[in-house]
Amino acid sequence: MAVLHFDGFDHLGNHAADVDTVLAGGFYLSAIDCDQRTDVPRTGRAAIRITGNTGHLRWLGPATYTTLIVALGAKINPTLVVGEIFHFEHNTGAAHDQQLEIGTDTLARVVVKDGAGNTLGTSAQGILSALNYAFIEVKIVVDAVAGAVTVRVDDDEVLALTDVNTDQAGSGVVNQVRIRGGGGGRTMDVDDLYVADTSGAVNNDFLGGETRVHSLLPSAAGDAADWTPVGAAANHLAVDETVSDGDTTYNATDQLGNKDLFGFADLPAGVTDIYAVMPVAMVRREEGGSDDIKLKVKLAGTESDSPAINLDTTYKLKGYIFETRPGGGNWTPANVDDHQAGYELA
Amino acid sequence: MAATRATQQVVQVLAGSQAEGLRVTQEIVQALAIEIARTRVTQMFSMGLVAAGPDLEWAECMSFLDERFPTDLATDPTSGGPGYQTLQTRVRSGFSQRIGEWEEELGRWTVAGSVLTQEQMTRIASLYRVAHGPLIGFRFQDPLDYATWQWSGEEPGVAAATDMRFGTGDGQTVQFQLTVTRTYGGASAVKTIYKPVAPILVAVNEIAVTSFTLDDSTGVVTFTPRVSAAGTDIEVLFTGGKWVLRSTATSWLGFLAGDRIRVAGSAANDTAVPAGFYTVESPVPAGAGDLKVSETLITEAAGASITVDVHPAPWSGQSVKWGGEYDKPVHFVEDNLDIEHREQGTQFAVLLEELRRKDTL
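Top line first, the protein sequences correspond to chains A and B.
Residue numbering for the first sequence is 1 to 346, as defined by our numbering.
Residue numbering for the second sequence is 1 to 361, as defined by our numbering.
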């Protein structure tokens, strides 16, 4: 796998907890002191506004990484002050050891500091501007001697550090990124986030510049409708809301192997390259147990399944990233327009 | 129907002690089983991670002509206004999904004129040629959206420094981007102003100030020190239980109690005065004398080349407002300028489209 997570935050309800998304394998995205804002999206329906000194998005991976890439659209409000954007950390379970910090200053520079707060390097002035989205891409190599940091803003490389100490904790790895934008009287709006590493055959470096996340809703029945719709006339109509309606409309089953598949709205015109597709379901068990769900995509008669993902008794977003289309090969816009996605009780 | 797998069965009998006359009054069968819990899915969507299309501020380094479209032509007649780009999808259930592509409006106008004088025709044709048609942007005064007082509810035609809030001080930030906020009920929409018309008025904490500079090519206001003092007669010393900046000739006129000041320079003995921020305490001398500060200045030095100025950043929580006029950066849309010659006069119509910030720097 190379793309480890992405989110456009377009599907959320009005609760910060709705950000919480669990992917197969234990990838996790959570939010503290964040608000969904539909008035400031970079793309799509909404963005996340991070506020306060404690506000942050936290991505926790299932493994540790020596190289990690994080990118997002970020808009700092109302003015640029000294503040943080990224914390790269090693979450040991007992502690969150900070390896690297990347932030801004009043001169609109990108500032890179080590885990102890010592400045490792700064970009030129005027790289960022308040109240405007910039697409910031960061790649770090964790090493006490040969550490490296590359920062790109709106497709341009603005800072490249080599042979710096990016291993303040001494563990040689990171597995957690906190995205912090609040504090110091400012807020930060975040949209179109992705996290990647350098493994795998595809998507194993910067994804070629500015990226977007398009969220598509079910628009038609697919090839399977085994689950029972409740509160809606058809399966796809029970799960097609922009913001989850909880137990008002839903599909339910207690039969292993039952699956639903749906058709989705097309991508907007102009999309050229698809890096990955992630079906996401907001799902819960009615009572305790150990049942799982598999997320599915189907294209041209071929289905691909995620590994089994454990369920909770409260609604949680469960997702899985398909970097290649069913049957193999890179996704194309036409593939996305034609694909079906759904889920199966496993 | 729940699929149930029984792994243990227990039969319990509650009975009397006598073998004969056995009465069974209750029978319980307990099954220890694994049951598949009913599972609910309430929402489903599919996300695509895609490359940005070529519409994301791709034209970064286009030239800009800092001249205004003729205002006498822009009002006779002009049609058009703000626009947004929205992707709308209505699903079969009737719900609609609307995806806003633009955070801020972009304007588009048709300017048409008739019975042009030779001088007017020459101006519009010259502008079109200088701009190389659609290539180079220029200023345009939107007749319906060109001044802060149009949105502040204040007296029409009169700019006030408190017309429009565009920032809040934090004690550190000295640069603020001009904006205009339009409200309707409790909602508001912010538009960034990149082409203000100098001069403008600025207020901090509702009081008009002049200690700022305006970059009218970007719309960035930079606050400058309200008052400064520099001299070789300034020394730093600890006296009367307070750290003071003592001058014998340099005046402290204009400094106010509570001001956050910056001190920089070198003392006569080449010991650097510690640069930093200090807070002025009262009383403040009207001329030369002792300027008391709240914090420790650390180094006691007899001065040479010491500079003291009030930190220009608005204090934390103070409102930052402005008033004045602004243009919009636009470009011609059409590749050809269509001027029609008739016996009655010369007519023309041009389509103008607003530019984003990066297109105009």
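Among these hints, one or two may not hold up.
What the hints assert, rightly or not - Not the full set, but computed from the structure, chain A residues with beta-carbon under 10 Å of chain B:
1. Asp155
2. Gly185
3. Asn203
4. Ser215
5. Leu216
6. Gly289
7. Leu311
8. Tyr343
To be verified - Derived DEER-like restraints, expressed as beta-carbon distance ranges:
9. Glu334(B) <-> Asp155(A): 23 to 33 Å
10. Arg182(B) <-> Thr302(A): 43 to 53 Å
11. Thr122(B) <-> Ala124(A): 38 to 48 Å
I should point out that these hints are in silico values taken from the structure, not numbers from a laboratory.
Built from N, CA and C at the ideal position, the CB exists for glycine as well.
**Violated hints - listed by number, lowest first** = Hint check: nothing fails, all pass.
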